[in-house]
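K.L.:
Given next are the chains, with one letter for each unit.
There are 2 protein chains.
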Amino acid sequence: MVTVTASQKASISPEAAEFLSKIPMIPFAGLLSPYLASSKRVQGLRNDMATKVSPNEEDLMARHNLKLTPTKIATVPVLIIEPPTLSSEHEGKIILNFFGGGFVMGSARERAALLMATEMRIRVYSVEYSKSPETRYPGARDEALTVYRQLISSFGAKNIYGMGSSAGGQILVSMLLIARSEKLPMPARLFLCTPALDLSGAGDSLVSNEGRDVMPASFLSAIVKQNYQLDTVDVKDSYYSPVYADYDASFPPTVISVGTRDLFLSDGVRMYWKLREAGVEAELLVSEGMWHGFNWNETLPEAVRLRRCVREFLASSL
Amino acid sequence: MVTVTASQKASISPEAAEFLSKIPMIPFAGLLSPYLASSKRVQGLRNDMATKVSPNEEDLMARHNLKLTPTKIATVPVLIIEPPTLSSEHEGKIILNFFGGGFVMGSARERAALLMATEMRIRVYSVEYSKSPETRYPGARDEALTVYRQLISSFGAKNIYGMGSSAGGQILVSMLLIARSEKLPMPARLFLCTPALDLSGAGDSLVSNEGRDVMPASFLSAIVKQNYQLDTVDVKDSYYSPVYADYDASFPPTVISVGTRDLFLSDGVRMYWKLREAGVEAELLVSEGMWHGFNWNETLPEAVRLRRCVREFLASSL
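For the protein sequence lines, the chains are A and B, in the order given. Numbering-wise, our numbering comes out as the position in the first sequence, counting from 1, plus 5. Numbering-wise, our numbering comes out as the position in the second sequence, counting from 1, plus 5.
The following block holds chain A by itself, in its conformation from the complex (with noise of 0.2 Å):
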């Protein structure tokens, strides 16, 4: 199981305390993960991913009468999230949503993009991009910049806020970086949770947070390794790992949410430096206790939190 003292459960909601206190670890995790993650298991990871979510996303998407449009935009399916009522406040603005998945596994209909839809009433185009290990970086950015591209010419990159989860942070981040270095316009401002900004392995969390987060870091970086990396990749390119790129004041404003035991508090720390220190507006969110994807869960306390306040960083754009 993972770590979890009677002091620690002190300070985090009971309903918190409760779900830590039910999460079984990898047994091994550090010695079995490069086999875990192995390619052949990729397809068996999917649908155990599928099998746990898909009740809970259902559930969202009836209770909170979500209509889910599958589309193309050029080449690329986008699943359009929308709910019954729009807030007038983001008229004509929408969500471009990453889901996430460490690049194998998940779909474009995450908890994540169908409890921002629902509680900001806006409209998330949720870009299905092709995963992992048949299509291989840098294949998910390059039709991320696609989508990207038709939905500036739509709306108007000021109508657009971006939003990705985990692997979909990186996709983001990094197409952004395609298109900034392509003159294209910035969204209006981003939402980066639980991001994985360095696919290097850099970072304090990786390692102080194994056996304390829900997902093992030896295990989704055995993931990224042999299914999304491919071998000619410097893995501290600053498209790969967009930790390490330069930024500067055009990058759109930015809140990152990361928990205090999330295997990426450090990339949503180092990112927040980055891009403070080259002038862009950043909030950094992080929770006590939290753990990688806290925020998909519809009533934690935490996470109920943490949404209205991320929702507030996006609207003060208006």
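Do not rely on the hints blindly, as some may be mistaken.
[As the list claims (entries may be wrong)] Taking lysine-lysine pairs in the DSBU-like style, the calculated list, with each CA pair at most 30 Å apart, reads:
1. B/Lys77 with A/Lys14
2. A/Lys14 with B/Lys279
3. A/Lys241 with B/Lys279
4. A/Lys27 with B/Lys72
5. B/Lys279 with A/Lys27
6. B/Lys279 with A/Lys279
7. A/Lys230 with A/Lys57
[As the list claims (entries may be wrong)] Label pairs and their computed distance ranges (CB to CB):
8. A/Ser243 with B/Glu187: 51 to 59 Å
9. A/Ile31 with B/Ala11: 39 to 47 Å
10. B/Lys241 with A/Arg313: 23 to 31 Å
11. B/Val240 with A/Thr237: 55 to 63 Å
12. A/Met6 with B/Ser322: 42 to 50 Å
13. B/Lys27 with A/Ala67: 52 to 60 Å
14. A/Ser186 with B/Ser26: 32 to 40 Å
15. B/Asn70 with A/Asp236: 54 to 62 Å
16. B/Glu317 with A/Lys163: 23 to 31 Å
17. A/Thr56 with B/Glu286: 40 to 48 Å
[Claimed, not checked] Pulled from the structure, derived: some chain B residues nowhere near chain A, Cβ distances all over 10 Å:
18. Met6
19. Thr8
20. Ser12
21. Ser26
22. Pro82
23. Leu182
24. Thr265
Hints were generated in silico from the structure; no laboratory data involved. Since we're looking at a predicted model, the values are computed, not measured. The beta-carbon is built from N, C-alpha and C at its ideal position, and this holds for glycine as well.
Add chain B to chain A, keeping to what the hints say.
P.N.:
Then chain B, alone, in the frame of chain A:
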């Protein structure tokens, strides 16, 4: 030694990596802390700390031409630290400082105060509060209030920036909560540096950063329990553990600094949310791979950056 891997060294400055690789840990800290922290060992702890930091303090004082004037405010010893020239930006303003040292060690001429006087070119009134076990809670806090009461009458509350490191953070915030209950005006802004704000032992990082921080939480907790804490105190009393207090928008704008390796990461994170949710302007600065008190280092890149951001925060009240 403190645990630090190659991938953790890769996300911090070379200076920080070298520092961490030389930090010895108390062997069996969890087991030995109750003995090592007993009252009869306090004089030894004080001597060890003074031996360690004095040369550094004296060097700072000499190199930056700081003038140190011990005085008394009402009955309380206060050290006035004055740089050779005062910034016109902060004319008429002072910093009221509470040093760190687990309530049992340290002194008013601590490096944090010397560096602030030097770099902000401002007069620092650093309170030489009574230490434990000779004086237990709330002795130091009451001395703090005596000084604060006098300083607001001399300078005006709006000309005072409050600053407290570690134990000094608890004394400062606890004092302001009493001051607020007595309808005294609040200072302009606060800097809480790796603050001890929950003395009940709750918090994620008190567990997770044991063996990773320069100060084992088990040791500091044992010091507090055996020397500072009264048997009669409720450890979750909101004056004793100010993270449990109710805040409102009358509380001063506050910048909080912690590190990902810091035993008080959670205290800083939780206080940030507490203030933010109360409508207080709050900024949380989390530094990658940094430890308890990293900012006391004059040249460490992460510390230089942190102190610059703190000065900007304090100056933004102008």
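K.L.:
It remains to establish, for every hint, whether it holds in the given structure.
P.N.:
Okay, the hints, checked on the actual structure:
Between B/Lys77 and A/Lys14, the direct Cα distance comes to roughly 44 Å. Violation of the 30 Å bound is thereby established for this hinted pair. Between A/Lys14 and B/Lys279 the CA atoms are separated by roughly 18 Å; this keeps the pair inside 30 Å, and the hint holds. Of the supplied pair hints, the one linking A/Lys241 and B/Lys279 is violated, its CA atoms being roughly 37 Å apart against a limit of 30 Å. Distance restraint check for A/Lys27 and B/Lys72: the Cα-Cα separation of roughly 58 Å exceeds the 30 Å cut-off, and the hinted pair is therefore not satisfied.
In summary, the hint linking B/Lys279 to A/Lys27 is supported, as the alpha carbons are separated by about 28 Å, within the 30 Å threshold. Simply put, B/Lys279 and A/Lys279 have alpha-carbon atoms about 26 Å apart, close enough for the 30 Å limit, and the pair holds. Of the pairs offered as hints, the one joining A/Lys230 and A/Lys57 holds, with about 24 Å between alpha carbons and a cut-off of 30 Å not exceeded. For the hinted restraint 51 to 59 Å between A/Ser243 and B/Glu187, the CB-CB distance of approximately 54 Å keeps it satisfied.
For the hinted restraint 39 to 47 Å between A/Ile31 and B/Ala11, the CB-CB distance of approximately 23 Å leaves it violated. Roughly 26 Å separates the CB atoms of B/Lys241 and A/Arg313, a value that falls within the hinted 23 to 31 Å. Hint check: B/Val240 to A/Thr237, Cβ distance near 57 Å, so the stated range 55 to 63 Å holds. The beta-carbon spacing between A/Met6 and B/Ser322, approximately 47 Å, falls within the hinted interval of 42 to 50 Å.
Between B/Lys27 and A/Ala67, the C-beta spacing of about 58 Å keeps the proposed range 52 to 60 Å intact. For A/Ser186 and B/Ser26, the Cβ-Cβ distance of about 38 Å falls inside the hinted range of 32 to 40 Å, so the restraint holds. For B/Asn70 paired with A/Asp236, a C-beta distance near 58 Å keeps the hint of 54 to 62 Å intact. Distance hint check: the CB atoms of B/Glu317 and A/Lys163 are about 28 Å apart, consistent with the given range 23 to 31 Å.
Between A/Thr56 and B/Glu286 the C-beta distance comes to about 45 Å, which sits within the given range of 40 to 48 Å. Under the 10 Å C-beta cut-off, the non-interface status given to B/Met6 relative to chain A holds; the minimum distance is some 15 Å. Not every CB of chain A is more than 10 Å from the CB of B/Thr8 (nearest about 8 Å), against its label as outside the interface. Not every CB of chain A is more than 10 Å from the CB of B/Ser12 (nearest about 5 Å), against its label as outside the interface.
B/Ser26, annotated as away from the interface, keeps every beta carbon of chain A farther than 10 Å; the closest lies near 14 Å. For B/Pro82, the shortest C-beta to C-beta distance to chain A comes to about 35 Å, beyond the 10 Å cut-off, and the non-interface label holds. The Cβ of B/Leu182 lies farther than 10 Å from every Cβ of chain A, with a closest approach of about 20 Å, so its non-interface assignment holds. Look at B/Thr265: its CB is around 5 Å from the nearest CB on chain A, not clear of 10 Å, so calling it non-interface is violated.
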